[in-house]
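Number of protein chains: 2
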Amino acid sequence: MKYCTECGGSLEFRIPAGDGLPRHVCTACGKVHYVNPLVVVGCVPEHGERILLCKRAIEPRYGYWTIPAGFMEIGESLAEGAMRETLEEARARVDIHDLFAVVDVVHAKQVHLMYRATLLDGEHAAGDESLETQLFLPEEIPWDDIAFLSVRFALEKFLEDRAAGLRRLHTTVIDRNRPA
Amino acid sequence: MKYCTECGGSLEFRIPAGDGLPRHVCTACGKVHYVNPLVVVGCVPEHGERILLCKRAIEPRYGYWTIPAGFMEIGESLAEGAMRETLEEARARVDIHDLFAVVDVVHAKQVHLMYRATLLDGEHAAGDESLETQLFLPEEIPWDDIAFLSVRFALEKFLEDRAAGLRRLHTTVIDRNRPA
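For the protein sequence lines, the chains are A and B, in the order given.
Each residue of the first sequence is one higher than the one before, counting from 1 in this note's numbering.
Each residue of the second sequence is one higher than the one before, counting from 1 in this note's numbering.
Chain A with its partners taken away, still in its complex shape (with noise of 0.2 Å):
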């Protein structure tokens, strides 16, 4: 981040009078560039005891399964955006529940917020950043070929969550920039 956003003039890493911590601040017109952490949004769609997958077809983990999330979008809700990523990445069109998983990935830079869905009618396709999409039974789940720990977690979760007829909610913390 060099620039600044409203007047072009030049940025420069520094604490801003009154703050707690370095932000990029411009020279120019002094306007504070804040930077923070992103909201991943995502679902584990369930269609009967089978389990909807994505093939990542982009960087980071190509080539890996993944639960379809992504961005929040400005504009609309978590579950929303839960609904719209499903829709995107694997061309299926899904009841958002209860959310069931919130994981803070702090050297990401991002909050995984996971809900519990159903398929609305058990259809599904490859998106545009999916090379496959797959419905899984629990014991077909390609646990090495995951794509994040956050995923991993929620699968874990949903499965160890719905073997014991529970709804809970539940959190974690990844970062590897710290001690385990």
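FYI, nobody ran anything at the bench for these hints, they're computed from the structure.
Only a predicted model underlies this, so the values are computations on that prediction, with no experimental measurement involved.
One should not assume that every hint holds.
One copy or any two copies: either way a pair holds, since identical chains are not told apart in the list.
[What the hints assert, rightly or not] In the DSS-like style, the derived pairs of lysine-lysine whose C-alpha atoms are separated by at most 27 Å in a straight line are:
(1) LYS2 <-> LYS31
(2) LYS31 <-> LYS109
(3) LYS55 <-> LYS109
(4) LYS55 <-> LYS2
(5) LYS109 <-> LYS2
Position chain B relative to chain A; hints supplied.
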């Protein structure tokens, strides 16, 4: 948003190839400048029967009461953010417990996540962004002077759960731009 943060070139607002929404795109280097909802994190700090609120010393809603809450920062978890905001705004140290309220504030381009918390030692004082802080019994809460609908929602649900001996997750969508 007028200038590119990376090259200083002029931005235009258009739908990039392969995208579904208009973005600020640099006419010189092509960089896409995404804007996404921000996470606001806070807590309801309990001290015995009482709840700690802050009277805002900043706009919006100067002079109205709120729970300690603010924008999540890079490098922290949600719970750490809630703790930091409470220290900054109410000079109070808290134990953060469970996430209990998730509120989409669509028109504000924010997602609010609120935790149950307890004061460590009962001490509190106005931080830079507060005019004063005060511990309220449930019947003393200044409902007509609560700063935000999301805070009202969190306080109501917190008290409902406490009265019922429950620890539930509550969610709602607030959007001034949608018909009620």
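Against the structure, the hints:
When the C-alpha separation of LYS2 and LYS31 is checked against a cutoff of 27 Å, the pair qualifies both within a copy, at 13 Å, and between copies, at 13 Å. In this assembly of identical chains, LYS31 and LYS109 lie within 27 Å of each other by CA distance both inside one copy and across copies; the values are 22 Å within and 20 Å between. When the C-alpha separation of LYS55 and LYS109 is checked against a cutoff of 27 Å, the pair qualifies only within one copy, where the shortest distance is 23 Å, while the shortest distance between copies is 30 Å. In this homomeric assembly, LYS55 and LYS2 never come within 27 Å of each other (Cα to Cα): the closest approach is 36 Å inside a single copy and 37 Å across copies.
In this homomeric assembly, LYS109 and LYS2 come within 27 Å of each other (Cα to Cα) both inside a single copy, at 20 Å, and across copies, at 25 Å.
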